[in-house]
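Here the protein sequences come in this chain order: A and B. Per the working numbering: the first sequence = residues -2 to 367. Per the working numbering: the second sequence = residues -2 to 367.
Hints should not be assumed to be uniformly reliable.
In silico DMTMM-like cross-links for lysine to aspartate or glutamate, where the CA-CA straight-line distance does not exceed 20 Å [said to hold, decoys possible]:
1) A:K81 / B:E77
2) B:K53 / B:D256
3) B:K20 / A:E17
4) A:K20 / A:D256
5) A:K20 / B:E28
6) B:K20 / A:D30
7) A:K347 / A:D0
8) A:K81 / B:D76
9) B:K81 / A:E101
10) B:K20 / A:E28
11) A:K347 / A:D267
12) B:K81 / A:D76
13) A:K229 / A:D59
14) A:K229 / B:E101
15) B:K229 / A:E101
16) A:K266 / A:E181
17) B:K312 / B:D329
18) B:K229 / B:E58
19) A:K366 / A:D309
20) A:K20 / B:D30
21) A:K20 / B:E58
22) B:K315 / B:D0
23) A:K81 / B:D256
24) B:K81 / A:E28
Source of the hints: derived by calculation from the structure; they are not laboratory data. Note that this is a predicted model, so its numbers are computed, not measured.
Number of protein chains: 2
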Amino acid sequence: MADSISFSRGAPSADIVDVEGLKQAAVRAFENDPAGVTGYGTAIGYVPLRRLIADKHGVPEDHVLVTNGSMQADAFLFDEVVGKGDAVVTERPTYDRTLLGLRERGADVHLVGLQEDGIDIDELRGLLEGGLRPTLAHVIPNFQNPGGSTLSLEKRRALLALAEQYGFLIFEDDPYVDVRFTGESLPRMLELDAPEGSTTPKNVVYACSFSKTVCPGVRVGYLVGNPELIAKIQRRATNTYISPSQVSQAIVYEFVSSDRFPAALQNVKDALAERAGTLGTALREHLPEATFVQPEGGYFLWVSLPEGKGHDCAKIAKEAADRGVQIVKGTDFLIEGGENAFRLAYSAVKAEQIDEGVRRLAEAVHAAKG
Amino acid sequence: MADSISFSRGAPSADIVDVEGLKQAAVRAFENDPAGVTGYGTAIGYVPLRRLIADKHGVPEDHVLVTNGSMQADAFLFDEVVGKGDAVVTERPTYDRTLLGLRERGADVHLVGLQEDGIDIDELRGLLEGGLRPTLAHVIPNFQNPGGSTLSLEKRRALLALAEQYGFLIFEDDPYVDVRFTGESLPRMLELDAPEGSTTPKNVVYACSFSKTVCPGVRVGYLVGNPELIAKIQRRATNTYISPSQVSQAIVYEFVSSDRFPAALQNVKDALAERAGTLGTALREHLPEATFVQPEGGYFLWVSLPEGKGHDCAKIAKEAADRGVQIVKGTDFLIEGGENAFRLAYSAVKAEQIDEGVRRLAEAVHAAKG
Chain A
-2 MADSISFSRG
8 APSADIVDVE
18 GLKQAAVRAF
28 ENDPAGVTGY
38 GTAIGYVPLR
48 RLIADKHGVP
58 EDHVLVTNGS
68 MQADAFLFDE
78 VVGKGDAVVT
88 ERPTYDRTLL
98 GLRERGADVH
108 LVGLQEDGID
118 IDELRGLLEG
128 GLRPTLAHVI
138 PNFQNPGGST
148 LSLEKRRALL
158 ALAEQYGFLI
168 FEDDPYVDVR
178 FTGESLPRML
188 ELDAPEGSTT
198 PKNVVYACSF
208 SKTVCPGVRV
218 GYLVGNPELI
228 AKIQRRATNT
238 YISPSQVSQA
248 IVYEFVSSDR
258 FPAALQNVKD
268 ALAERAGTLG
278 TALREHLPEA
288 TFVQPEGGYF
298 LWVSLPEGKG
308 HDCAKIAKEA
318 ADRGVQIVKG
328 TDFLIEGGEN
338 AFRLAYSAVK
348 AEQIDEGVRR
358 LAEAVHAAKG
Chain B
-2 MADSISFSRG
8 APSADIVDVE
18 GLKQAAVRAF
28 ENDPAGVTGY
38 GTAIGYVPLR
48 RLIADKHGVP
58 EDHVLVTNGS
68 MQADAFLFDE
78 VVGKGDAVVT
88 ERPTYDRTLL
98 GLRERGADVH
108 LVGLQEDGID
118 IDELRGLLEG
128 GLRPTLAHVI
138 PNFQNPGGST
148 LSLEKRRALL
158 ALAEQYGFLI
168 FEDDPYVDVR
178 FTGESLPRML
188 ELDAPEGSTT
198 PKNVVYACSF
208 SKTVCPGVRV
218 GYLVGNPELI
228 AKIQRRATNT
238 YISPSQVSQA
248 IVYEFVSSDR
258 FPAALQNVKD
268 ALAERAGTLG
278 TALREHLPEA
288 TFVQPEGGYF
298 LWVSLPEGKG
308 HDCAKIAKEA
318 ADRGVQIVKG
328 TDFLIEGGEN
338 AFRLAYSAVK
348 AEQIDEGVRR
358 LAEAVHAAKG
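Just chain A, same shape as in the assembly (with noise of 0.2 Å):
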């Protein structure tokens, strides 16, 4: 077979994360803080990154909350807000891991619709005005993971304006709004929502992560929010882990306080420019068919091929693997629908690979219609 290429997987290829720098941000953790990277510490986390990440948002530390990557923030926040049969609104399509956490708390998911500006307004609208009242709506507003897209600032607004008409809370789940590559960022939800001269939000609760600014291995994310809220994960952090790692976020703090770090992160936020334009080129050119929004910072890209014409995206991933190439079916981020789509990961695929790659995709693609 020939070489594998994968773009199924959201990650970063090992040659753009600056392990120099994480090793002596380790050096740097162990002599400056001794008793504090090798003893227990609290569920609040390490207590220098915790005041880093409140500094970086403007907040009180009692706002934050740093866990063990954010995957564990959202596992806590669902413990602690989402019951069996809560209606929760998450964006269609979206992060399959999120839908899995929902649902195996039993929750009640209404997926609306993800258009090339964020979350259907308009669709969650209806459904409020029809009676649903949901506990959580779950919204990844920058570089949506699998769909690309990212909430527009009207539509921020908007939505802030629903919660707090209709008393849900809203989870801004942020992990690529750092590797943002073109065009301009907006504000957060978390920061739109504090009222005139406050820094606490209302009904937003925020969650962001290192793992696409420095590594995933380090499994370093946070949350932040309301004190009182970000108080009673703490408690529920304390139960289950006494701690996330004390050594992991010592060496994230040392790395990416020193100096090395913004030229680290332009040289990720590079790289993964540079493969989503080439990885643009090559669908545009090998499969012309395909429609996608170039992406403007992030991981992923989201292909749809036209409908009705008989695309199952189960067998272009079966044709793809036959030809080294791994994708991920848009079945798998919707309860229903996206036979006609797959997502595609430019973060660990060098560009070199990228034409290569999208060019056994496209015959894949004409393979499985056949």
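Based on the hints, put chain B in the right spot on chain A.
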């Protein structure tokens, strides 16, 4: 107030952690396996560390799952096997966080007395003969927290026989096994439970941790058990946090497999032996009415004062705190009783502080009665 002397927290003092060795291990981790350390791992744990643990216990790798500290291992196991209303047996007294974790899951907890040689098998047999059908029996076999006692070989075999006869799982929770500083090690129930010619336990699942042998800040613990149970918990762990910190696990792997580790562990054991010895001597001198088991390992010494003499550990703890001495009340480890008892952790108190700490504690005991 006089200098603070804490007998409260089960943690090593920073001076007995080999920070230099850990720093060197971190450098090797990033140099030897940059992609493995920085990338996403899987919920089974960092592969070389999992292999090292499997080798240590003489089991295939699929019997092992590495977790974010061993309390996380407990949480996954409880979520997997303990349903609401299920009967669970624990020792009386036992680790307060275990009791909390079981009660939060709605378990029907039955506490069985702890003797100098471990759980009271006759009392447990009586409960079983009386119709109790526990899902799980939680036992801390070595240097029990808080009781300090070690389960004898005879009782290990008796407990295994009861598990086989009545069909319950023994949760062998063994964080202190490798910090034995005197006396002879006993075989694990994990090993005793495997049928002739097999390494797979029938009714035992085993948890351990590197918190006591490396340091708590790494948050690395693990489970060993039947591969079907381990696979179920792996799915749960994947859906909770993808994986524990790869960085932390790789540092533990490099440290534990290095030439420095045996001496570092001996240093920990020597310090604990000195602290435990000094504490026993000081108690005999300053608080002769107290009874306790002189520990052969671990972190804790459980002190009982004569019953029926009006001792109240809450008052004693308060009087001790007024004198700058922290202890944990006996009642924290029990559902009822324990007023005449308290737990002293000697792991974090330097030998030269111990005599002074016990002198003040004796004053507190007398003041609390007056």
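A quick look at each hint next to the structure:
no. : hint            : result
1   : A:K81 / B:E77   : holds (18 Å)
2   : B:K53 / B:D256  : holds (16 Å)
3   : B:K20 / A:E17   : holds (14 Å)
4   : A:K20 / A:D256  : holds (14 Å)
5   : A:K20 / B:E28   : holds (8 Å)
6   : B:K20 / A:D30   : holds (12 Å)
7   : A:K347 / A:D0   : holds (13 Å)
8   : A:K81 / B:D76   : holds (16 Å)
9   : B:K81 / A:E101  : holds (17 Å)
10  : B:K20 / A:E28   : holds (8 Å)
11  : A:K347 / A:D267 : holds (12 Å)
12  : B:K81 / A:D76   : holds (16 Å)
13  : A:K229 / A:D59  : holds (12 Å)
14  : A:K229 / B:E101 : holds (14 Å)
15  : B:K229 / A:E101 : holds (14 Å)
16  : A:K266 / A:E181 : holds (14 Å)
17  : B:K312 / B:D329 : holds (14 Å)
18  : B:K229 / B:E58  : holds (15 Å)
19  : A:K366 / A:D309 : holds (8 Å)
20  : A:K20 / B:D30   : holds (12 Å)
21  : A:K20 / B:E58   : violated (29 Å)
22  : B:K315 / B:D0   : holds (16 Å)
23  : A:K81 / B:D256  : violated (52 Å)
24  : B:K81 / A:E28   : violated (47 Å)
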